[in-house]
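Listed below, chain by chain, are the residues.
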Amino acid sequence: MPIGLELWLFGVALGTSMLGGVLGMASGIFIVPVLTMFGRVDIHTAIGASLVSVIACSCGSAAPFLKERLTNIRLAILLETATTSGALCGVFLAGLIPTHYLYLLFAVILLLSAQQMLARRKDPEGSSSIQRLPLGMTLMYGAGLISALLGIGSGVLKIPAMDTALRLPIKVSSATSNFMIGVTAAASAAAYFARGEIVTSVAAPIALGSVAGAVLGAHILMNVPNEKLRLMFIGILGLLAAQMLLAAFGINLIGPRS
Amino acid sequence: MNATAAVSGQLENLLGKLLHYGTLAASAIIALGLALSVAAGALGMGVATAGIALFILLPALRVAVMLVFFLRARDYRYGAIAALVLLIISISFFVGTRQA
Numbered sequence: 001m002p003i004g005l006e007l008w009l010f011g012v013a014l015g016t017s018m019l020g021g022v023l024g025m026a027s028g029i030f031i032v033p034v035l036t037m038f039g040r041v042d043i044h045t046a047i048g049a050s051l052v053s054v055i056a057c058s059c060g061s062a063a064p065f066l067k068e069r070l071t072n073i074r075l076a077i078l079l080e081t082a083t084t085s086g087a088l089c090g091v092f093l094a095g096l097i098p099t100h101y102l103y104l105l106f107a108v109i110l111l112l113s114a115q116q117m118l119a120r121r122k123d124p125e126g127s128s129s130i131q132r133l134p135l136g137m138t139l140m141y142g143a144g145l146i147s148a149l150l151g152i153g154s155g156v157l158k159i160p161a162m163d164t165a166l167r168l169p170i171k172v173s174s175a176t177s178n179f180m181i182g183v184t185a186a187a188s189a190a191a192y193f194a195r196g197e198i199v200t201s202v203a204a205p206i207a208l209g210s211v212a213g214a215v216l217g218a219h220i221l222m223n224v225p226n227e228k229l230r231l232m233f234i235g236i237l238g239l240l241a242a243q244m245l246l247a248a249f250g251i252n253l254i255g256p257r258s
Numbered sequence: 259m260n261a262t263a264a265v266s267g268q269l270e271n272l273l274g275k276l277l278h279y280g281t282l283a284a285s286a287i288i289a290l291g292l293a294l295s296v297a298a299g300a301l302g303m304g305v306a307t308a309g310i311a312l313f314i315l316l317p318a319l320r321v322a323v324m325l326v327f328f329l330r331a332r333d334y335r336y337g338a339i340a341a342l343v344l345l346i347i348s349i350s351f352f353v354g355t356r357q358a
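Just so you know, the sequences run in chain order A and B. So in the numbering used here, spot 117 of the first sequence is number 117, and the numbers just go up one at a time. Start counting at 1 in the second sequence, then tack on 258, and there's your number in the numbering used here.
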């Protein structure tokens, strides 16, 4: 294993995890496209490493939110029955879906994330009591499924579930979603690990970089208004979506040709 | 209601500590493994793999702590919910071992 590649993986994880942590998104949404596009890493290896990174981010940044009482742990464990069921389903499906469909699905999720960023999140009007739980549970099941298939935290589905279906304040839903992401990713990572599909030489530097980034990102979340990073996020998400879309059709403009 | 709030505050502190120190331990093991791999190759990678395993185990441990806490607080409804989540994670692991 060349040390240069390990350092590069560490750096990618550090940067993406800081970016992701700031808005309560897991960094997997950046890690898989960056590793496959720029690092020429196999998409399944990238997904396995990304799942470990997602767990590391979630665990590494949970403590401050718990201390601030922003995390709704009872709601989290309830919704985790849906996210882990979805993840288990994703574990079964993962081996059956052809790689170019994974790229396509990833592009769709990136575009949805960009659209969500563009629309801005608002604190729901009126009471913050939990409403429309069945819709929330259904979205969470989908989030778990997508998380297992693509190695991401699925904030893109968790956030509408929290905001629209459950009507929680943004800070509470971000903290709760972040808390749940670790368990959701662990449900699929456990299967990938048992299958021997998590490649240590890739996953280890990614996990280490993610922890460092998540710790820094969590501190930034407390101080920086979400607004400032919105535009940057939309731009990056759009670019990555375009590249994943090209990859779905077998075109890669960046890096050496495979 | 106040008693419940105090109890959940306790649980939040406990989970915060578990995740914080668990992350530190897993990261330290991975860092040690990567450092060793430069010198000793496969041995180092084995240590790093153990660190990755600890990371994957950490959320499951968090659910197990919640399960024990809910049962001790005689909150059987949430105890059952935590047990279900733990069961689903275990099924996923065993599905993986059978497919390996």
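Hints listed in this document are in silico derivations from the structure and should not be mistaken for laboratory results. Since the structure is predicted, the reported quantities are computational estimates derived from the model, not experimental observations. Ideal Cβ positions, reconstructed from N, Cα and C, are used throughout, including at glycine. Wrong hints could be hidden among the right ones.
Quick list of the computed label-pair ranges, beta carbon to beta carbon [what the hints assert, rightly or not]:
1) B:297 <-> A:239: 37 to 45 angstroms
2) A:132 <-> B:286: 26 to 34 angstroms
3) A:11 <-> B:300: 49 to 57 angstroms
4) B:275 <-> A:216: 15 to 23 angstroms
5) A:135 <-> B:272: 43 to 51 angstroms
6) B:293 <-> A:230: 53 to 61 angstroms
7) A:169 <-> B:268: 22 to 30 angstroms
8) A:249 <-> B:267: 34 to 42 angstroms
9) B:283 <-> A:11: 47 to 55 angstroms
10) A:40 <-> B:352: 51 to 59 angstroms
11) A:100 <-> B:335: 31 to 39 angstroms
12) A:11 <-> B:297: 18 to 26 angstroms
13) B:272 <-> A:38: 23 to 31 angstroms
Numbers of the earlier hints that this structure fails to satisfy, in rising order: Going through the list in order, the structure violates hints 2, 3, 5, 6, 8, 9, 10, 11 and 13 and respects the others.
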